[in-house]
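Asker: So you can see what is in the structure, the chains are spelled out below.
Number of protein chains: 6
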Amino acid sequence: MIRLTRRYRFCASHRLHAPGLSESENRALYGKCNHPFGHGHNYVLDVSVRGPVDPDTGLAVELEALDRLVGRNILEAIDHRNLNAEVEAFREAVPTSENLGLEIYRRLSSGWGSAFPPNRPALEKIRIAETEKNIFEISSHG
Amino acid sequence: MIRLTRRYRFCASHRLHAPGLSESENRALYGKCNHPFGHGHNYVLDVSVRGPVDPDTGLAVELEALDRLVGRNILEAIDHRNLNAEVEAFREAVPTSENLGLEIYRRLSSGWGSAFPPNRPALEKIRIAETEKNIFEISSHG
Amino acid sequence: MIRLTRRYRFCASHRLHAPGLSESENRALYGKCNHPFGHGHNYVLDVSVRGPVDPDTGLAVELEALDRLVGRNILEAIDHRNLNAEVEAFREAVPTSENLGLEIYRRLSSGWGSAFPPNRPALEKIRIAETEKNIFEISSHG
Amino acid sequence: MIRLTRRYRFCASHRLHAPGLSESENRALYGKCNHPFGHGHNYVLDVSVRGPVDPDTGLAVELEALDRLVGRNILEAIDHRNLNAEVEAFREAVPTSENLGLEIYRRLSSGWGSAFPPNRPALEKIRIAETEKNIFEISSHG
Amino acid sequence: MIRLTRRYRFCASHRLHAPGLSESENRALYGKCNHPFGHGHNYVLDVSVRGPVDPDTGLAVELEALDRLVGRNILEAIDHRNLNAEVEAFREAVPTSENLGLEIYRRLSSGWGSAFPPNRPALEKIRIAETEKNIFEISSHG
Amino acid sequence: MIRLTRRYRFCASHRLHAPGLSESENRALYGKCNHPFGHGHNYVLDVSVRGPVDPDTGLAVELEALDRLVGRNILEAIDHRNLNAEVEAFREAVPTSENLGLEIYRRLSSGWGSAFPPNRPALEKIRIAETEKNIFEISSHG
Numbered sequence: 001m002i003r004l005t006r007r008y009r010f011c012a013s014h015r016l017h018a019p020g021l022s023e024s025e026n027r028a029l030y031g032k033c034n035h036p037f038g039h040g041h042n043y044v045l046d047v048s049v050r051g052p053v054d055p056d057t058g059l060a061v062e063l064e065a066l067d068r069l070v071g072r073n074i075l076e077a078i079d080h081r082n083l084n085a086e087v088e089a090f091r092e093a094v095p096t097s098e099n100l101g102l103e104i105y106r107r108l109s110s111g112w113g114s115a116f117p118p119n120r121p122a123l124e125k126i127r128i129a130e131t132e133k134n135i136f137e138i139s140s141h142g
Numbered sequence: 001m002i003r004l005t006r007r008y009r010f011c012a013s014h015r016l017h018a019p020g021l022s023e024s025e026n027r028a029l030y031g032k033c034n035h036p037f038g039h040g041h042n043y044v045l046d047v048s049v050r051g052p053v054d055p056d057t058g059l060a061v062e063l064e065a066l067d068r069l070v071g072r073n074i075l076e077a078i079d080h081r082n083l084n085a086e087v088e089a090f091r092e093a094v095p096t097s098e099n100l101g102l103e104i105y106r107r108l109s110s111g112w113g114s115a116f117p118p119n120r121p122a123l124e125k126i127r128i129a130e131t132e133k134n135i136f137e138i139s140s141h142g
Numbered sequence: 001m002i003r004l005t006r007r008y009r010f011c012a013s014h015r016l017h018a019p020g021l022s023e024s025e026n027r028a029l030y031g032k033c034n035h036p037f038g039h040g041h042n043y044v045l046d047v048s049v050r051g052p053v054d055p056d057t058g059l060a061v062e063l064e065a066l067d068r069l070v071g072r073n074i075l076e077a078i079d080h081r082n083l084n085a086e087v088e089a090f091r092e093a094v095p096t097s098e099n100l101g102l103e104i105y106r107r108l109s110s111g112w113g114s115a116f117p118p119n120r121p122a123l124e125k126i127r128i129a130e131t132e133k134n135i136f137e138i139s140s141h142g
Numbered sequence: 001m002i003r004l005t006r007r008y009r010f011c012a013s014h015r016l017h018a019p020g021l022s023e024s025e026n027r028a029l030y031g032k033c034n035h036p037f038g039h040g041h042n043y044v045l046d047v048s049v050r051g052p053v054d055p056d057t058g059l060a061v062e063l064e065a066l067d068r069l070v071g072r073n074i075l076e077a078i079d080h081r082n083l084n085a086e087v088e089a090f091r092e093a094v095p096t097s098e099n100l101g102l103e104i105y106r107r108l109s110s111g112w113g114s115a116f117p118p119n120r121p122a123l124e125k126i127r128i129a130e131t132e133k134n135i136f137e138i139s140s141h142g
Numbered sequence: 001m002i003r004l005t006r007r008y009r010f011c012a013s014h015r016l017h018a019p020g021l022s023e024s025e026n027r028a029l030y031g032k033c034n035h036p037f038g039h040g041h042n043y044v045l046d047v048s049v050r051g052p053v054d055p056d057t058g059l060a061v062e063l064e065a066l067d068r069l070v071g072r073n074i075l076e077a078i079d080h081r082n083l084n085a086e087v088e089a090f091r092e093a094v095p096t097s098e099n100l101g102l103e104i105y106r107r108l109s110s111g112w113g114s115a116f117p118p119n120r121p122a123l124e125k126i127r128i129a130e131t132e133k134n135i136f137e138i139s140s141h142g
Numbered sequence: 001m002i003r004l005t006r007r008y009r010f011c012a013s014h015r016l017h018a019p020g021l022s023e024s025e026n027r028a029l030y031g032k033c034n035h036p037f038g039h040g041h042n043y044v045l046d047v048s049v050r051g052p053v054d055p056d057t058g059l060a061v062e063l064e065a066l067d068r069l070v071g072r073n074i075l076e077a078i079d080h081r082n083l084n085a086e087v088e089a090f091r092e093a094v095p096t097s098e099n100l101g102l103e104i105y106r107r108l109s110s111g112w113g114s115a116f117p118p119n120r121p122a123l124e125k126i127r128i129a130e131t132e133k134n135i136f137e138i139s140s141h142g
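Chains as they are written, first to last, in the working numbering: chain R, 1 to 142; chain A, 1 to 142; chain S, 1 to 142; chain G, 1 to 142; chain C, 1 to 142; chain V, 1 to 142.
Source of the hints: derived by calculation from the structure; they are not laboratory data.
Careful, some of the hints might be misleading.
Claimed, not checked - Cut-off 30 angstroms, straight-line C-alpha distance, at most; resulting in silico cross-link-like pairs (DSS-like, lysine-lysine):
#, chain 1, residue 1, chain 2, residue 2
1, C, K32, S, K125
2, G, K133, R, K133
3, R, K133, V, K133
4, V, K32, R, K133
5, R, K32, R, K133
What the hints assert, rightly or not - Computed far set for chain R versus chain S, every beta-carbon distance over 10 angstroms:
#, residue
6, S48
7, P52
8, A65
9, A93
10, T96
11, N99
12, P118
13, E132
14, K133
15, E137
Predicted model, so just to flag it, every value in this text is computed and none were measured.
Glycine included, each C-beta is placed from N, C-alpha and C at the ideal position.
Go ahead and model the full structure; you've got the sequences and the hints to work with.
Answerer: Below you can see the structure in the form of structure tokens.
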């Protein structure tokens with residue numbers, strides 16, 4: 001068994017503002033991230049999968065299939081987008097990197113079965129870096 | 001004489017759209033950067049100054065004075081901001097990194113005289129990285 | 001559940017010298033790190049916490065509370081300090097990065113309860129890089 | 001207990017070509033990596049060990065012993081080498097980074113007992129980055 | 001006037017061996033880089049151009065034109081290739097990074113005129129990093 | 001003509017304190033860098049040389065000769081050292097990175113003639129990074 005991690009990059013804009021809080025509570029909680037017109041980041045997304053190495057090909061995952069899945073389910077929807085205005089999941093939820101990570105994990109999980117042959121490889125973890133100082137990880141074992 | 005470079009980071013959002021071009025020309029020219037709701041970046045700004053080393057203190061520049069100037073003239077105006085909506089220079093000009101670099105250079109130049117003692121040190125160059133793939137430099141010698 | 005990692009940086013000096021060993025044993029064991037007047041590093045400290053995402057705010061941890069705790073319990077004591085001369089834990093123990101990591105973990109653990117609301121989030125791991133070649137991790141599960 | 005990770009670098013060349021597949025299947029599967037004369041990479045190898053901290057020395061592992069083991073069992077055989085032509089394990093197996101990682105792990109495991117005193121420290125994980133986009137990990141717990 | 005630098009990556013293999021020297025002189029001069037079956041690197045190529053910013057579009061260079069030129073004249077010929085066996089310039093010259101840089105500069109210069117409109121922008125410099133320790137630059141002013 | 005840059009790393013400790021200033025002036029000027037017991041850094045030193053490429057060997061500089069010069073004249077004296085206590089140049093001058101850069105440049109210049117054949121290559125520039133935020137450059141043209 002081996003773990004393979006593949007790196008993707010995208011950029012997006014967002015504004016952090018919780019609808020259930022007052023203006024001043026939002027400013028206190030999110031600081032500069034609550035500025036009314038939003039800001040953005042260069043996000044780094046690492047997708048980790050786990051599986052056995054095929055003895056004939058020496059590969060644990062077909063990278064083209066992974067790239068297609070990430071391209072279609074993730075990058076097309078969020079790369080060079082405004083998360084608040086253009087991604088449906090953030091009509092309700094605040095587009096923090098926590099919630100963005102959970103949304104990316106859900107989108108990968110839901111497409112996994114049709115992208116890969118049964119049982120091989122498994123989605124194990126995603127890691128999203130909003131800046132080099134703030135990093136978020138979501139894994140299959142909770 | 002020595003050159004000192006100090007690194008700053010900020011994030012901002014923007015949309016690239018030239019008012020003198022048609023919708024389809026804009027899409028063709030700017031691609032994903034023309035998406036209507038904008039996107040954003042983690043910018044890295046390097047400010048390079050040049051000057052002699054003070055024999056008593058061993059310093060070429062008082063970093064606190066440089067930080068104050070960059071903080072007041074640059075970061076306060078553009079960090080965690082939407083460049084199109086919140087920075088006056090981009091009412092007319094398109095907020096490409098070329099134009100953002102020129103604007104940052106002008107703002108530093110205009111405040112330089114009152115931030116530092118006469119003739120020491122000189123603003124030599126700025127460098128702005130929009131991503132690790134695209135880097136822009138503007139220097140005092142054109 | 002999500003894991004959030006936040007990065008801090010500090011610099012410090014130290015000398016590696018075990019009081020129970022002879023001069024020549026110390027030189028053999030620690031090499032250049034045993035030079036009598038010490039040397040120093042730019043340390044990178046990553047603090048990883050684990051917790052659920054608050055559905056109202058989209059946050060897993062209040063970063064200001066974490067920054068305050070790290071600032072008060074860690075950085076104030078060791079940033080720009082000589083570990084041997086100024087940090088009490090290293091009166092007895094040798095200030096290797098192993099011991100520095102254990103000391104940082106103890107300081108974070110002991111302050112955790114008063115810095116955060118009960119049970120949320122948990123301190124999961126710290127990672128300290130002395131250089132990019134030598135990295136040390138200490139985690140809550142031993 | 002602490003985890004220590006030490007970074008090594010090497011460069012090598014390889015060609016990906018599975019003997020059981022046809023020419024066109026190989027081209028379809030490996031793309032540019034199947035070019036007939038090979039290509040190469042700067043690999044980054046991180047070796048992670050786990051053990052208690054010696055209370056007298058403050059160390060979890062004797063780095064010189066680890067460096068000797070990695071040097072003799074790994075770097076001497078693969079640094080600045082053509083993996084297909086010069087490493088016996090790749091007479092049969094395709095020198096993908098998956099298989100290279102497994103081979104490195106086997107070579108470290110087999111030499112571990114004679115390089116270190118009994119039970120301390122344990123080899124926990126290796127991580128090999130072929131580029132910053134493709135990373136492979138193999139750990140002791142499968 | 002502004003300088004724009006765009007980053008490209010490629011990997012290739014090579015062997016350093018000067019035909020005018022004896023076997024032992026080659027080994028002494030090039031060390032491990034003279035190993036008979038070659039080795040390889042992940043090269044990082046930075047192309048710097050210089051020009052005025054178009055007041056209508058805010059751009060100094062059309063990146064698509066630059067990418068096409070680099071793709072066609074450089075990457076297609078050397079990415080995932082064996083420099084000795086597959087690049088004609090290295091039938092005679094030794095494929096050191098010095099010579100590789102000169103070859104890349106010549107290929108960019110020769111295609112520049114047909115890739116861009118007259119006089120705008122100018123090729124100013126290329127920078128090629130063989131590893132993070134060894135970096136080579138060639139510029140238009142010698 | 002080509003420019004070659006080679007990277008070296010070292011770590012050292014220092015305290016910034018100007019003998020001609022009072023205690024409180026020193027604290028105000030240097031801040032945390034004036035802490036009485038010192039602190040330290042992982043310094044990154046880039047040495048840039050300039051010269052023609054030898055048509056027979058494809059090399060612009062003999063790296064072993066450069067490594068020997070840097071090793072003997074720079075690293076042996078300052079790596080894993082306390083700059084204030086162990087480097088003679090800092091008996092008088094404050095060991096700021098400005099002064100450290102000037103000292104390194106002087107040491108390289110003074111040894112250059114005996115390390116390399118006449119006129120080839122020339123020492124062009126050194127660059128010293130104290131942290132990734134503060135970078136210092138000294139070049140042969142002042």
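Asker: Work down the list of hints and note, for each, if the structure agrees.
Answerer: Results for each hint:
{"no.": "1", "hint": "C:K32 - S:K125", "in the structure": "violated, 40 angstroms"}
{"no.": "2", "hint": "G:K133 - R:K133", "in the structure": "holds, 20 angstroms"}
{"no.": "3", "hint": "R:K133 - V:K133", "in the structure": "holds, 14 angstroms"}
{"no.": "4", "hint": "V:K32 - R:K133", "in the structure": "holds, 22 angstroms"}
{"no.": "5", "hint": "R:K32 - R:K133", "in the structure": "holds, 16 angstroms"}
{"no.": "6", "hint": "S48", "in the structure": "holds, 13 angstroms"}
{"no.": "7", "hint": "P52", "in the structure": "holds, 26 angstroms"}
{"no.": "8", "hint": "A65", "in the structure": "holds, 27 angstroms"}
{"no.": "9", "hint": "A93", "in the structure": "violated, 6 angstroms"}
{"no.": "10", "hint": "T96", "in the structure": "violated, 4 angstroms"}
{"no.": "11", "hint": "N99", "in the structure": "violated, 4 angstroms"}
{"no.": "12", "hint": "P118", "in the structure": "holds, 27 angstroms"}
{"no.": "13", "hint": "E132", "in the structure": "violated, 6 angstroms"}
{"no.": "14", "hint": "K133", "in the structure": "violated, 5 angstroms"}
{"no.": "15", "hint": "E137", "in the structure": "violated, 4 angstroms"}
Consistency note: the structure conflicts with the earlier hints numbered 1, 9, 10, 11, 13, 14 and 15.
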